[in-house]
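Chains as they are written, first to last, in full-length UniProt numbering: chain S, 1 to 1104; chain L, 1 to 420.
Bear in mind the hints are in silico, worked out from the structure with no lab data behind them. Being a predicted model, the structure only gives us computed values, none of them experimental. Backbone N, C-alpha and C fix where the C-beta goes; we use that ideal spot for every residue, glycine too. Be aware that one or more of the hints could be misleading.
[What the hints assert, rightly or not] Once the Cα atoms are required to be at most 30 Å apart in a straight line, the calculated DSS-like pairs of lysine-lysine come out as:
hint: 1; chain 1: S; residue 1: K1006; chain 2: L; residue 2: K213
hint: 2; chain 1: S; residue 1: K607; chain 2: S; residue 2: K634
hint: 3; chain 1: S; residue 1: K1005; chain 2: L; residue 2: K402
hint: 4; chain 1: L; residue 1: K213; chain 2: L; residue 2: K279
[As the list claims (entries may be wrong)] Which residues of chain L face chain S? A partial, calculated answer using Cβ under 10 Å:
hint: 5; residue: P48
hint: 6; residue: P78
hint: 7; residue: K105
hint: 8; residue: E113
hint: 9; residue: C211
hint: 10; residue: G216
hint: 11; residue: M217
hint: 12; residue: Y332
hint: 13; residue: T333
hint: 14; residue: F334
hint: 15; residue: P336
hint: 16; residue: G398
[Unchecked claim] Derived list of chain S stretches under chain L, where covered just means 3 residues or more per stretch with a C-beta under 8 Å from a C-beta of chain L:
hint: 17; region: 348-359
hint: 18; region: 384-392
hint: 19; region: 413-422
hint: 20; region: 636-644
hint: 21; region: 943-953
hint: 22; region: 977-990
hint: 23; region: 1030-1044
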Amino acid sequence: MSAAPAYSEDKGGSAGPGEAEYGHDPASGGIFSSDYKRHDDLKEMLDTNKDSLKLEAMKRIVAMIARGKNASDLFPAVVKNVACKNIEVKKLVYVYLVRYAEEQQDLALLSISTFQRGLKDPNQLIRASALRVLSSIRVPIIVPIMMLAIKEAASDMSPYVRKTAAHAIPKLYSLDSDQKDQLIEVIEKLLADKTTLVAGSVVMAFEEVCPERIDLIHKNYRKLCNLLIDVEEWGQVVIISMLTRYARTQFLSPTQNESLLEENPEKAFYGSEDDEAKGPGSEEAAAAALPTRKPYVMDPDHRLLLRNTKPLLQSRSAAVVMAVAQLYFHLAPKAEVGVIAKALVRLLRSHSEVQYVVLQNVATMSIKRRGMFEPYLKSFYIRSTDPTQIKILKLEVLTNLANETNIPTVLREFQTYIRSMDKDFVAATIQAIGRCATNIGRVRDTCLNGLVQLLSNRDELVVAESVVVIKKLLQMQPAQHGEIIKHLAKLTDNIQVPMARASILWLIGEYCEHVPRIAPDVLRKMAKSFTAEEDIVKLQVINLAAKLYLTNSKQTKLLTQYVLSLAKYDQNYDIRDRARFTRQLIVPSEQGGALSRHAKKLFLAPKPAPVLESSFKDRDHFQLGSLSHLLNAKATGYQELPDWPEEAPDPSVRNVEEEDLSLIETHVGLLGEYTKVPEWTKCSNREKRKEKEKPFYSDSEGESGPTESADSDPESESESDSKSSSESGSGESSSESDNEDQDEDEEKGRSSESEQSEEEGEKKKMKKRKKVPEGQREGSSSDEGSDSSSSSSESEMTSDTEEEQVEPASWRKKTPPSGKSAPAPKEISLLDLEDFTPPSVQPVSPPMVVSTSLAADLEGLTLTDSPLVPSLLSPVSGAGRQELLHRVAGEGLAVDYTFSRQPFSGDPHMVSVHIHFSNSSDTPIKGLHVGTPKLPAGISIQEFPEIESLSPGESTTAIMGINFCDSTQAANFQLCTQTRQFYVSIQPPVGELMAPVFMSENEFKKEQGKLTGMNEITEKLTLPDASRSDHVVVQKVTATANLGRVPCGTSDEYRFAGRTLTSGSLVLLTLDARPTGAAQLTVNSEKMVIGTMLVKDVVQALTQ
Amino acid sequence: MKMIHSLFLINCSGDIFLEKHWKSVVSQSVCDYFFEAQEKAADVENVPPVISTPHHYLISIYRDKLFFVSVIQTEVPPLFVIEFLHRVADTFQDYFGECSEAAIKDNVVIVYELLEEMLDNGFPLATESNILKELIKPPTILRSVVNSITGSSNVGDTLPTGQLSNIPWRRAGVKYTNNEAYFDVVEEIDAIIDKSGSTVFAEIQGVIDACIKLSGMPDLSLSFMNPRLLDDVSFHPCIRFKRWESERVLSFIPPDGNFRLISYRVSSQNLVAIPVYVKHSISFKENSSCGRFDVTIGPKQNMGKTIEGVTVTVHMPKVVLNMNLTPTQGSYTFDPVTKVLTWDVGKITPQKLPSLKGLVNLQSGAPKPEENPSLNIQFKIQQLAISGLKVNRLDMYGEKYKPFKGVKYVTKAGKFQVRT
C-alpha cells in the first residue's frame, strides 16, 4: 500500500518522501511546487473509495494542521467526505472543516445539509455532534440555520443535546451579536433546566451573552445552588463566579455591623494598613447608615449559597477551590471566612503555576484578614528549591502575617533567607524586613541592627538593598541613629550601587545636623568623583550640597559652588536644570532674594516617613481569583464586582412555586433512562429544598432557633446521634460553635429517643463486630504486601468465603428479636379493621383485594349498567378524582379519572385507571373512544371499549390500563367522540406505579439489606402533631403510595412494601417515627428515581 | 468568559511543534511575547504563568520539559485555565505513557482528536479519562499493528454513554474476569530541618491512589481505623461528600482504572515522626580555594522499618569548581555546570551509617561563599504510613462477585530539606 510509507513520517521516521513537509519551513519557496504535487496525491487518496486511504490522507492533513501548515487548498477534496461512513474519517473531516470553513465559506456550505440531517437523527449523540460541528463553522450565512438548530435542541429530550445547545449559544453570539435577544430567550429556557449536565454550560452562555441580565437568575437561583455540588468541575467554577456577582447585587453586606464593631479594636492594636484598605469613605457611610438600619439578618438564600458551596472546598480541582474561596471572601461574614484558609494552603502542594496564582490571592487576602492564615504561617516557609517567583510571593505572605507575637519566628526565618544564593530573593527579604520593622514598632531596632550588620555583607546587592531600606527606616526616627548614619557615610567609599549611594547621600543631607562633622567631608569626596557618578547620585550630591550650604555654609560654600558648576555643564538636562534652580534658590543674589529667604524651609522641611506597604494592598477591589486581580489591571471582559446594595432588593423574586418545582421534577423522572440520578444527589437536593422552605436566620448571628439548627446541619445531627455531641462540628469554624450548644440542648430533649436508637445501633454493632475480624485480617494481609502477595491473596479469598458463611448465621441470630415482635401481625390486623377510614385503600387484607378485583372484572364485563359500580369503586382509589377534561373544554363532556389500585385484568404491568364520563350537554354524545395515542417510548395503553352513546345528564365509567413503564411520564392520547377530538393526558403520581406486596418482617429486612447504598434514600422530617398517631401515618402513607404494610416489631417503625408494576422492582418504605415528632423516612428501591420521588411525595403527605 | 482560544505546545529549544485553535486562528507570532518572558526569566521555572500582551493573555504551564501555552482573550479565572492545561498533560500521560514531544508527535492525530473533545469553543467538554477513552481509544502496540493491517481506527465505534449519565467518571459495561481493587496509601513527609537538627516545619501529605478493575457498577465503601487523623481532605468527584461528613466513610462508585481517590493532609498540630537525621559539616575556608564537606545520614523514628532509596541532592554555591568525595556507601556525582551534587545512598543500615566526606575545590580568588547549601533528601519506607493511618475495610455493594482487594502503604520524603 502506498499509504504505509507515507504515514510512517508521522511516526517521526527520518526517511520517506514526506519528511520535507515537517523539516522545512513552509515559507521556503523551493518546495512550493512539490508541495502542490504532494497535495495532489492526498487529493487522489481522498477521492478513492477505500476508507483506509481516505483515513491515511486525513491523518496526514490533520498532522499538517497541527504543525500550523496551510492545507486550505485541499478544502474541496476534503469536504466531499463529510458524509463518509467511516467514523474516524468523518471526525477528522470535521476537524478540518471547523479549521478552514471560515476561509472557504462558499464551499463550506456544501456540508451544511449533512449536519442538518444529523440534527434529526434519532440518536442523541449524533444530534449533539451535528449541532456541535454546525455551530463551530464560523460562516455568517448559516446564522439563521444555527439559530433554528439551537432553538430546537434547547427543547430536545436529551439533556446532552440541550447541553450542546448551551455550548452553541456563545458561538452564535460571537458570529452575530444581533441575535442577542433571541439567544437570551433560549438561555432563559435552558436556565430553567433541572439537570446538572446543562447547568454549567448554560451559565457559561449566560456569562458570555448577557451577564447583565441578572434578573434571569432569580427564579433559578435556589436550583443552581442545590444542583451545584453535582455539576461537573468546570461548570462549578463558572456558576460560583456568577453567583458571587449575583449575591453582591441581591443581599446585604454581612459585615456591615462588624465593620464598626470589629475593625476598630483591630486598628487600635496594630494601627496598620488593614483598615485603610477598607477606605475611609465606606466606613463612614456604614457608620452613618447603621443607626437607621435594623440589625442585620442574613437572607436565607445568602446562607443557602454559603452552605452549598462549602463542601466544594474539598474538590480536587484547584479552580473550584479557588472559586469557593473567593466567594467566601467576598460574601461570607468575617467569622466564617476562615474556613477557606485550610483549603488554600492545601493548594500550595500543587503544581508551581497553581501555587503562583494561589499565593497571589492569599497575599491579597492576608492583608485584609490576617488572622485567617496565621495558623498556617509555617506552610509559607520557603525552601531553597522553590522557584524565585514563588519565593517572593511566599515572602509577601509571611510579611503580611507577621505580628507582635510571631515576629521573632518570622525574623529568624528571614535570617536564613538572607543567606540564600538567590540574590533577587535576598533583596526581597531585606525589603520584607523593612516592612516588618515599620509595621511592628517593637522590633524596629532589632531589624535596623540586623540590616546594619548586612552592610558589611560581601555581596554588594545585599548591601545596597539594605541601605535603601535603612534609609526608609531612619526617616521614622532619625535622632537616635546618628551612629548608623555615620556608618553609612563610611560606606560611600566602597559601595558602588547607584541607588544605595544616592540613598546614603540623601540621608546625610537630610540629617546633616546629626552628623555635622562628617557631612562636609562626604560632600568633598563626592565633589571629587562627581563626574563619574550616575545621574541619580549626581542629583543627590546637588541636594546634599544645597542642604549643607544652608546649614553649614562656612565650611561648604566653596564645595557647593564647585559642585554646582560641574553640574551646570553636565550632559543630562535634568541635572543642569537642578543645578541652576538650586543655585538661584540658595545663593543670595540681588534680584531673587524673596525665595532664598525661605530656602531652608524648602529644602529642610520635615518630610513624612515613607510607608512601606504591600504591593497587594487594595488589590481586593478586583474579584479574587480573576485574571484582572492577578494582573492588577482590568482585563478585557472583566465584570466588576458590584458593591453591596444599601437596601436589599425584594427577596421574593427568588420564590418558585412549589407546584412548579414538582412539575419540573417529574421531567427529571421523565428522562429517567438518561439521567440515572445517583441517590445522594437527589437526597441532598431534597434536603436542601426542605431547608429553604423553613424560615431561619443566620447561624452566625446566634439567633437561630433549635429548629433551624436541626435542619441546617443534618449531617452533624446524625453524627451526634451515633457519637458524642461534643464531636459534632469540631474542627469547624467559630460559626459552628453557636450551633453546638443548641445541639446539646436538643440532645437533652431527645434523650429518650436516642436510647431507642442506641438499642438499634447495638444490633448494628453486633453485626459489624462480626465483620471486623475479617477487616483486620484484610489489613494485616495487605501489610505483608509485596513480600507474600500470593499468600495474602489466598487468605483474602478464604476470608471472603468465611464472610459468606458468617452472613446467614448473623441472620439466624437476628431472628430472636423478631420473636419479640410476634404479636405484631395481630396488632396490624387490628389496625386494619378499626383504624382505617374508608377512603384510603388498605389492600393488605386479601379478601378486600379479591373483592375489588372481582368488581373490576365485573365492571369490565358489564360496562353499560355502570351507575352502581363507580360508587363501589371510588372509595378504593388512591388519589382522589383527577380532572381529565373540563366540561367547558369538552363542550359538555366532563371526564375525570381515578387510579383504582386494582390489578388490571388484561395485563398485570398496567395501572388500571377508571375514567368517569358525564354528559352535561343537552345532546347525547356518541362514539366515545380513544384515538391514536402518541406515546413516549415504552408506554402502552389498553383502550377502553367504545362507549356508544352517553345521553344528556348521564354518566358512566370505563376502565383502561396504562403501562407507564415505571416512570411518571404522562400518557397522552386523544379522546374522540363522533364529532370531536380532545387531547388529554394522564400523569400518574409515583405512588400509583406500584402494587402492594406481602412479606414478613424478616423477608423485608433481608430485601432491604440487598438494597442499600445507592438504592437507599433517606430523608428526615418532623411530623406535625396532627399526624403522629399510628393510623394517620399509615393512612397517609398508603394514600400516597399503593404499598402494603409489613408487620413490624417496634411500635415506632412503620414498614411498607410494594413492587413497581412494570419491572416488578421492590419498593420498601420504612418510617421511623419518634414520639417527639422527629422521623426518618427510608425508601429502598432499585429504581432510584421512583424512590426519590416517592420519598418526596410521602414526606409532603406526612408533613401537611 | 471566552476561555481558551488557542493552544501552542513548545519544547525547550523554543520550537512550536503543535498548535490547535478552537476559534479563529491566532498567529504563532503571539508566542514571541512568551519567548521574551522566557528569556527574561532565565530559569524555566520562573516564567510567569500569566503574561499580558496587547491583544491577548498567555497562560502557560511547564510540564515534562514542555510548555503548554494557551491564548486567552478575555477575563477568565487563571486557575481554571491552568487546571485545564494540567488535565490535558495528564491525559497525554495517561494515553501515551509519557508526556513528551516525541510521544505527542508520534500520536499527533490522537492528540488532535483529544483536544477536539476536551474543549468545545474553548470551554471544557469531556475531560474525564473514562469518557475520553470511550471516544478515542488509547494507542497500543498491538492495536497499531492491527490498525495498519485492517485499516481500522482509534475512534471508538460505540457511542459513548458516559457523557450522558450522572456518573460521568465511569464508563458503562465494564467487564473483567479477575475483579480487583487495589489501594495505595502514599504519604509524603514535607519538612524543613534547621541547622541544629530541630524541626522547623513538618507535615504529612498523603494520597490514596486506587486501581480498580471491577465489572459492572460496583458501589464501594472504604473505611479507616482512624479517620480523624485526616485533617484536610480533597476528593475525587465520585466520592459522596455527605457520607464522609456524617460517617467518615469513603463511599463511591469508582471510575474504571487508575485514579486518585483522595489526597489529604495530616494536621501539622500532630507531631510528625522524622525518620532520618543528618549530621553535616560543610565549611569553606577564608582565602583558600578549598572547603570541607562531611555528611552522615542515619535512621531515627523509623518505626523499625528499613529506609531505602535514599538520595541526597545538594545545590552547591557557584564558586564550587569540583568536589573530591568518598562515600562509605552508594555513589555520588557532581555536575560542575549546574553545581548539583547527587549522592545515591540506597538503603540505610543502622550498623554502618552511610557518610560522604571530602574536599571541595573553589574557584581561586573568589570570596568564600556566604551561605551553606541546603540538603534535599529523598527516601522511601515500604509498608508504613507514617501518620498511622490504617484502612479498616472495603465493602462492595451493587455487584454479586467477590473482588480481590489489597492495600499497600508507602512513606516517602516529600519536600524534605535540611538547612546547613
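*For which of the previously enumerated hints does the structure constitute a violation, in increasing order of number?*
2, 4, 9, 10, 12, 13, 14, 15, 21, 22 and 23
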